[in-house]
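Those protein sequences? They're chains A and B, same order as listed.
Quick note: the first sequence uses the working numbering, first residue 1195, plus one each step.
Quick note: the second sequence uses the working numbering, first residue 1195, plus one each step.
Please keep in mind that the hints were generated in silico from the structure rather than gathered at the bench.
All copies of an identical chain are treated as equivalent in the list; a pair is satisfied when it fits inside any one copy or across any two copies.
When the alpha-carbon atoms are kept at most 35 Å apart in a straight line, the in silico DSBU-like pairs for lysine-lysine are as follows:
1) K1219 / K1434
2) K1219 / K1461
3) K1291 / K1219
4) K1507 / K1234
5) K1417 / K1219
6) K1464 / K1434
7) K1329 / K1204
8) K1477 / K1219
Protein chains: 2
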Amino acid sequence: MHSVSSLRTKLERSIEALNFQSSPKELYEPIIYTLGLGGKRIRPIMVLLGADLFGGDVNASLHPALAIELFHNFTLLHDDIMDNAPIRRGKETVFKKWNANVAILSGDTMFAIAYDFLTGVDPTLLPEMLRLFTKTAREVCEGQQYDMNFESLPAVTIDDYLEMIRLKTAVLLGCSLKLGAMLGYATAGDANNIYRFGENLGLSFQLQDDLLDVFGDEEKFGKEIGGDIVSNKKTFLYLKALELSGPGDSSALQHYFSTQTMDPDEKITKVREIYLRLNIREKTNEQVDFYYQEAMKYLAEIRVEETRKDELKALAKQLIGRVY
Amino acid sequence: MHSVSSLRTKLERSIEALNFQSSPKELYEPIIYTLGLGGKRIRPIMVLLGADLFGGDVNASLHPALAIELFHNFTLLHDDIMDNAPIRRGKETVFKKWNANVAILSGDTMFAIAYDFLTGVDPTLLPEMLRLFTKTAREVCEGQQYDMNFESLPAVTIDDYLEMIRLKTAVLLGCSLKLGAMLGYATAGDANNIYRFGENLGLSFQLQDDLLDVFGDEEKFGKEIGGDIVSNKKTFLYLKALELSGPGDSSALQHYFSTQTMDPDEKITKVREIYLRLNIREKTNEQVDFYYQEAMKYLAEIRVEETRKDELKALAKQLIGRVY
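Extracted from the complex, chain A is given alone in its bound form (with noise of 0.2 Å):
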């Protein structure tokens, strides 16, 4: 078994080793600027965790894993796109450094190349590996579109928002998992356990990262606190305070999540009293907790040495970033 330290240097060579046309430049280099902005790999990784997990070829499985990282940048620079973003992991977004147009066709480009990279899988894998990466694909297209609706739709039940992240994040983290055990030659119900885990760990991760957004501090979280609330998201937290709150404060969260012309730090703090004072900080943890617990149930299920599940439990952990 690779540790997932490894792993992350393995895909790290292979991204600086990545060597496309110079041609036109406007094209290729916001790709390999993107690439370069780093990030904690960890759907890259999963994939190469899920291959070892079954005994798969880690070195063989370097492209499919590299397919999901350009998949995922290639969201993210239409994604800055749609939110007008002009930050990411603390650089300027290719939107902003460049402009749209250049942003729009380097991800579409990505996108392309992400295809690429899964082409040269076993030929008998092939057909379904291409299946699910697709439909993953198009999840997370339809979880952005959700998210894009949400800001605008005035009663979103926490369903529906259970099922925007599930969408627009949760799937990619259980397809990366499904296309390494399918590497791994694991057996359909494996690779389907493999997949709910990674989903179920996908919904905690959100969760949680809705929670660090309020209650977090700032310089683990890596961005500024309180984004949310600012941008009138509707997270979990807003929902859940929605649904518990009496008239007074239920009226007042309404008002807070509409205004855009509120004094920032004025509107956090008076949105994480309200928060507090329904104990909306508990009642995040516990889903949390829920979807984590649900996520090691899929995988005490997996059917393969339990040792060989502790890089996987290390890399939940280190993801939920908790000590159970």
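Take the given structure of chain A and dock chain B to it, following the hints.
Using the frame of chain A, we list chain B on its own:
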């Protein structure tokens, strides 16, 4: 052998029968809208003709043909954002009717759906078909990038221009025909010859389109005449005129193609006068013919009974719109 018109009918029926999921509607309505705008369906017809030429199953080739049509329409959706184009085929573009975000994301989804339609082919053909399709997708993106670059580049050569239209337009015709040939289990030699036939036909077609933009009949052309001149597009006609002009015409041309404020009708008249004086109409016609004849040479090389090529020849004539 099937006729072009019967294949077009088959395709239209398949497109009408497409049933994407209904939610989120912001994602799927623009796709249905775009496919419903019509067009000549040249590229998917080429997939079917390519298959039919080699005795392939036309009905089994409908999905790969739709893959090409989805891909082509995806590029139009994104190009229209980049070109800020309000009208396509006489109707509002998605970008204009909805907004840029919808056009980005529903375009991305169309690209994914294209791969879905390709994935169902005979698995023994899949890797090679995927490789060709993805390579072509990247080339089309590169062509679009060069096209945008040329807008602000002072010195574009005729060779640069020909390479740009090869990437942006011609390779997709070659790819469509070759995918069809693969579906008909053509030999590698025949598959390459039909690719070259399509590529040269694409070059001929684009140069003919450039010509009609200046000297065409508005009603037959379906677009306003002189659009390329008004928008300062450096087409073959402009570049050839620059090459052949003396200092006076040359500086006049460069002036006309850098101003945004000149009266459109006056500009078109003045530029057309220079073109006529320099025999640009004839020079471009020669080039259209050259690529058309090249295409025919490659078609002649293909080792099937000559009469089987009649529909391809008819389509080629229809595309270039001349009697040879």
